[in-house]
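A.B. asks: Protein sequence lines, in the order shown, are assigned to chains A and B.
According to this note's numbering, the first sequence is numbered sequentially starting from 72.
According to this note's numbering, the second sequence is numbered sequentially starting from -5.
Some clues are possibly wrong.
[Claimed, not checked] Have a look at the derived ranges for each label pair, beta carbon to beta carbon:
(1) A:His75 / B:Gly184: 17 to 25 Å
(2) B:Ala141 / A:Ala76: 31 to 39 Å
(3) B:Glu169 / A:Gly109: 29 to 37 Å
[Said to hold, decoys possible] A few chain B positions that, by computed beta-carbon distances, are all more than 10 Å from chain A:
(4) Pro10
(5) Asp19
(6) Ala21
(7) Leu26
(8) Arg29
(9) Glu36
(10) Ser46
(11) Arg68
(12) Gln89
(13) Glu127
(14) Gly144
(15) Val153
(16) Ala183
(17) Arg188
(18) Arg197
Simulated from the structure, these hints should not be mistaken for lab results.
Everything numeric in this text was worked out from a predicted model, so none of it was measured.
C-beta: ideal position from N, C-alpha, C; glycine also.
The lines below spell out each chain.
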Amino acid sequence: MSFHAGDTVRILRRDVAGHHRVPGYVMDRVGVVTEVLGPEAVPEEAALGHAAPARVPVYRVRLDQTSLWPRYEGPSHDTLEIEVHQHWLAPADGPDPVRPET
Amino acid sequence: MARDHSHSPPRPDHPPPQTRHRFLDLALNELLIERGLYTEAELRDMIASIDSVDPSTHGARVVARSWIDADFRRRLLNDANAAIADIGMDPGTAQLRVLENTPETHNVVVCTLCSCYPRALLGRPPAWYRDREYRARVVREPRAVLAEFGLSLAEEQTVRVHDSTAELRFLVLPERPAGTGHLAESELAGLVTRDGMIGVAKR
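Given the sequences, and given the hints that come with them, work out the whole structure.
C.D. replies: Listed below in structure tokens is the structure:
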């Protein structure tokens, strides 16, 4: 599923045994897409040396610091921005495709 | 490299590898040289080329130009790679974004997963940029980390942390200091520091 600037998205907590580019602290967190990049190679495939890895859009996602860290010491307007490949994102208001029971 | 796989260190003063990853690194390097993908001389030249990038003559020049040339600044913020190539400099192979500091917003850059960094403009990242402490802390308590660097920001100013973990590389564009209207581009470049372009200093 693709997204646009302004969409609210959830960064998924996916179990990947090998290389990927999503740090744990943003998994299961919600942010807003600010920019669409790519398509770019899927890092999980590129890391294994695939000659023609799948390519997906990459989204810059802006998260509120206070939503990342419950005890964030700064003001509520502080943010963190990170790029996330499309298969790591879902609409924030929809079911979690990785853990649908939660 | 000799076929006997004696694993002699590449230079006499090079310590033997201490960890599994260093062994892997050395073994892979030996194999690539043995297969003729590159030579040891080419590897040394590549390292020398990386080491020749000086933030004060590369990134700082871009910042100073943007302070005196409004059109360049617009192009830099819109398409940094093209704008930097236009002035005859190498923006690097990755897509670059320039982050504009303003009275309202302060930007700071980290790579929590490794050490992604705009090397074509700033050279090799400093040791602290690669340290776990900076990488872990600047995303969760950026204001405290910036204060330790000597940069205290007002509550009204938004702190925007950019975790550079994927496709983009980031260069922070510091605010032009007041009272510098009379300075030439090269003098302005002298005011810009590496730390300012990472975002842990004012400029």
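A.B. asks: Going through the numbered hints above, which ones does this structure break? Give me the numbers in ascending order.
C.D. replies: 1, 12, 15
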